[in-house]
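If you read the protein sequences in the order shown, they are chains A, B and C. Each number in my numbering corresponds to the 1-based position in the first sequence with 1 added. Each number in my numbering corresponds to the 1-based position in the second sequence with 11 added. Each number in my numbering corresponds to the 1-based position in the third sequence with 8 added.
Honestly, the hints are just simulated from the structure, not real lab data. Treat the numbers as computed from the prediction; the structure is a model and nothing was measured. Errors might be hidden in some of the hints.
Label-pair restraints from in silico Cβ distances [unchecked claim]:
| no. | chain 1 | residue 1 | chain 2 | residue 2 | range |
| --- | --- | --- | --- | --- | --- |
| 1 | B | Val-140 | A | Ser-4 | 53 to 63 Å |
| 2 | B | Phe-136 | C | Gly-81 | 48 to 58 Å |
| 3 | B | Glu-188 | C | Asn-216 | 52 to 62 Å |
| 4 | C | Lys-249 | A | Glu-61 | 24 to 34 Å |
| 5 | C | Val-125 | B | Ile-46 | 55 to 65 Å |
| 6 | A | Gly-26 | C | Ser-50 | 14 to 24 Å |
| 7 | A | His-103 | C | Lys-249 | 47 to 57 Å |
| 8 | A | Gly-26 | C | Leu-232 | 28 to 38 Å |
| 9 | B | Glu-188 | C | Glu-82 | 36 to 46 Å |
Ideal Cβ placement from N, Cα and C applies to all residues, glycine included.
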Amino acid sequence: MASQLERYIGDINKKIRELHKMSTGAFMDSMKAFEDLDQAKAAEVRDESEKIEALSIKIEDSVFETIARRQPVAKDLRELATYLQVSHHLYRIGRYAYKIAHIVRLCEGLSHFKELISLPYLARLAKDTIDYAMLGITDKDLSKIDELEKLEAESDRETGEMFEEITEYLRQRTDITTMAMYYVIIGRYCERAADHAFSIAERAVYMVTGKRKKLGLAFKGQSSEAPH
Amino acid sequence: MASRKDALLTYLSAVTQSRRHFTDFLFKVILAIVIMIVVSPFFLVLIQVASIGFGQIFGIGPGIGLEFFTTFPGVGLEGGIRNALVGTVELIALASSVGIPLSVFGAVYITEYTQPGWTRAIVEFASDVLAGIPSIVFGAFGFAFLVDFLHLGMGLVAGSLTLAFMMIPTVLRTTQEALRAVPMSLREASLALGATKWSTTWNVTLRAAFPGLITGVLLAIGRVMGETAPLIFTAGNSLSVPTELTGSGSWVASMPYTIWAYISDPREYLQVKAHGTALALMIMVLTVDVVANIISRKVTRRLV
Amino acid sequence: MAGFEYHIEVRNLSTWFGKKAILKNISCYFEDNTITAIMGPSGCGKSTLLRTLNRLNDLVPSFRLEGQVLFGGENIYETGSSVYDLRKRIGMVFQKPNPFPMSIQDNITYGPKLHGVKDEDELSKIVEQSLRKAALWDEVKDELDKPAPNLSGGQQQRLCIARALSVNPPVLLADEPVSALDPISAAKIEDLLVDLKKEYTVILVTHNVQQAFRVSDQAAFLYLGELIEFDKTSRIVEAPKDERTEAFITGRIG
Numbered sequence: 002m003a004s005q006l007e008r009y010i011g012d013i014n015k016k017i018r019e020l021h022k023m024s025t026g027a028f029m030d031s032m033k034a035f036e037d038l039d040q041a042k043a044a045e046v047r048d049e050s051e052k053i054e055a056l057s058i059k060i061e062d063s064v065f066e067t068i069a070r071r072q073p074v075a076k077d078l079r080e081l082a083t084y085l086q087v088s089h090h091l092y093r094i095g096r097y098a099y100k101i102a103h104i105v106r107l108c109e110g111l112s113h114f115k116e117l118i119s120l121p122y123l124a125r126l127a128k129d130t131i132d133y134a135m136l137g138i139t140d141k142d143l144s145k146i147d148e149l150e151k152l153e154a155e156s157d158r159e160t161g162e163m164f165e166e167i168t169e170y171l172r173q174r175t176d177i178t179t180m181a182m183y184y185v186i187i188g189r190y191c192e193r194a195a196d197h198a199f200s201i202a203e204r205a206v207y208m209v210t211g212k213r214k215k216l217g218l219a220f221k222g223q224s225s226e227a228p229h
Numbered sequence: 012m013a014s015r016k017d018a019l020l021t022y023l024s025a026v027t028q029s030r031r032h033f034t035d036f037l038f039k040v041i042l043a044i045v046i047m048i049v050v051s052p053f054f055l056v057l058i059q060v061a062s063i064g065f066g067q068i069f070g071i072g073p074g075i076g077l078e079f080f081t082t083f084p085g086v087g088l089e090g091g092i093r094n095a096l097v098g099t100v101e102l103i104a105l106a107s108s109v110g111i112p113l114s115v116f117g118a119v120y121i122t123e124y125t126q127p128g129w130t131r132a133i134v135e136f137a138s139d140v141l142a143g144i145p146s147i148v149f150g151a152f153g154f155a156f157l158v159d160f161l162h163l164g165m166g167l168v169a170g171s172l173t174l175a176f177m178m179i180p181t182v183l184r185t186t187q188e189a190l191r192a193v194p195m196s197l198r199e200a201s202l203a204l205g206a207t208k209w210s211t212t213w214n215v216t217l218r219a220a221f222p223g224l225i226t227g228v229l230l231a232i233g234r235v236m237g238e239t240a241p242l243i244f245t246a247g248n249s250l251s252v253p254t255e256l257t258g259s260g261s262w263v264a265s266m267p268y269t270i271w272a273y274i275s276d277p278r279e280y281l282q283v284k285a286h287g288t289a290l291a292l293m294i295m296v297l298t299v300d301v302v303a304n305i306i307s308r309k310v311t312r313r314l315v
Numbered sequence: 009m010a011g012f013e014y015h016i017e018v019r020n021l022s023t024w025f026g027k028k029a030i031l032k033n034i035s036c037y038f039e040d041n042t043i044t045a046i047m048g049p050s051g052c053g054k055s056t057l058l059r060t061l062n063r064l065n066d067l068v069p070s071f072r073l074e075g076q077v078l079f080g081g082e083n084i085y086e087t088g089s090s091v092y093d094l095r096k097r098i099g100m101v102f103q104k105p106n107p108f109p110m111s112i113q114d115n116i117t118y119g120p121k122l123h124g125v126k127d128e129d130e131l132s133k134i135v136e137q138s139l140r141k142a143a144l145w146d147e148v149k150d151e152l153d154k155p156a157p158n159l160s161g162g163q164q165q166r167l168c169i170a171r172a173l174s175v176n177p178p179v180l181l182a183d184e185p186v187s188a189l190d191p192i193s194a195a196k197i198e199d200l201l202v203d204l205k206k207e208y209t210v211i212l213v214t215h216n217v218q219q220a221f222r223v224s225d226q227a228a229f230l231y232l233g234e235l236i237e238f239d240k241t242s243r244i245v246e247a248p249k250d251e252r253t254e255a256f257i258t259g260r261i262g
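With the rest of the complex left out, here is chain A (with noise of 0.2 Å):
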């Protein structure tokens, strides 16, 4: 039988994890709406990004709750407060959804100057990144961590060949200048995503060993010169 914390603590899992699944899936959601430049589907990002700030804020409650009446200490106290900051963090990369699905409506009558490519693969990067994340967060398995750093890399490459990509275009061409931003915005606010699930990954590592480390290229001084 389930004490009352492990019950509370279980209920505020789920939350999470479901939280993971909003985020992530209206991430894609407006990186696809982009891609197509559907504003039907971004309107849809716009309003699910409503749901993901509630479920966020239902989890703080939840936590805050669970603090004051179980008094929780050392592994379930640690639990309780990454399910915290990891929810500001899963809201977070719900709002870049939003901006992004905001774009796609200031892209109204504009048109891609060139086949995606890269954005859509940074995007799968960050899911990608954020799914291994929060695998040691929902289930308290930390095997994918060392992924992440190839993730990175892939990542840091990936955005560097973007850039330069851009710059070339723009030496070229003057007509698409608002476009080329909007692709060097987006392309931001994926790495702001990454960025955002490694900190939920050193979360998870606090999490289940309390020991704090600190995890990415960017700390051991390795990553690559693109701007980031």
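Starting from the known structure of chain A, fit chains B and C onto it as the hints suggest.
Just chains B and C now, with coordinates in the frame of chain A:
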């Protein structure tokens, strides 16, 4: 009046309603009757003694009323019972001054200073056996040992020592119980402050056990006050107060002895005096017991 | 007091009652002016450890000990050392409040009188100081000659604390001091103990994990007679080193 009858009928019908109810009712009635039977001797004795002896204590006349207690019997035993009153008081006082310290310190020793084991078991066993020995046996022992073997002769000393022997088992056991009732944590608190064992025993344990101790002492005194058998062969008798501690001048009267002596006498007025003495003795013992009762009730309040 | 350390150190302490082993090879160190909580499930030896520190276990004839208990650098079980002196310097408060059946005043002067204080003025001063330290003065200052057992449970326990402090021991041992009290009195006494650490060293046994965390600077976790973990409370609350400690404080065992 109709409602009273109705109430009674309702009650009776409720009570005979089922076999369970009736059995319950029957038992209540039986127990009530039993209690009345149990308590009645007290009242019967009191009424018997008071009806004859009341006048001796509260009446007026030669050797009656206050004079009953202040005058000696004198010629023809027509006076009061001052000799017996003083005698009883002196015997009890002397017996207590010997018996109580011995019992209390004995109890302290076996409770506080020994472990459960041979010494303790033997002392407790001996006390319990002694407590049950008939008083006449103590009298016989007192005569054979104190009066004859130790050549103390009959009198104050032999009489009070015999009474002391009777007191010791009871007081020792009740003191032991009172000491046992003191919670261990009190002793520990004292020791934790750096007190020695003796200091703890004297200042804390005995003090805490004091009400229980006093109750036990008073009850023992109350009992011993009314003993005749031990004194018959050891205290002698006297129509005045003792003038010496030993020898023929130490012979002392006592109230129980006087009752016995006067009742055995054919003279009518001595019968009456015997009842008066009995009433006075009953009142004295009752007072002692009531005081013991009051003190023992205060115990439970003060010791947490 | 300045310059003289009163810390307590326990080295390789093992104890037995007859054949039964209670404590197994315990080593730890209690800092001056801190509160250390000794916690663990029932029967793990916490009270035994506490009572070993003021030699109260000597009262049990089957008690046997190996190892050392050092107070101010000296082994208190060294043959020849005075146990009465030791107990003057290490005070104790018990689980059930146990005031002597005397007046409030007499309860407090009992200790000092034992150790030779006779002057009336000095005794009054001690009474007032001790009661103030125990946060009881204001409540009883006009009733010092009333019998102590008439006080409420919480007041009685504070009186016992005042009594322990009356001989000014640098160390105060407390064996589950509030577990017999109502929550409000318990909270008052917890606050009191935290205040006392400014002048005294407090070692507290408790089975209540939350209480240990509320009041202590250091915590020791005892399990089946062994010292599993001894660390700053802030560390144990967040991430204990041993999984048995974690299981205990999160309520999974004990």
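- Item | Violated hints, by number in ascending order, as checked against the structure | Structure breaks hints 3, 6 and 8.
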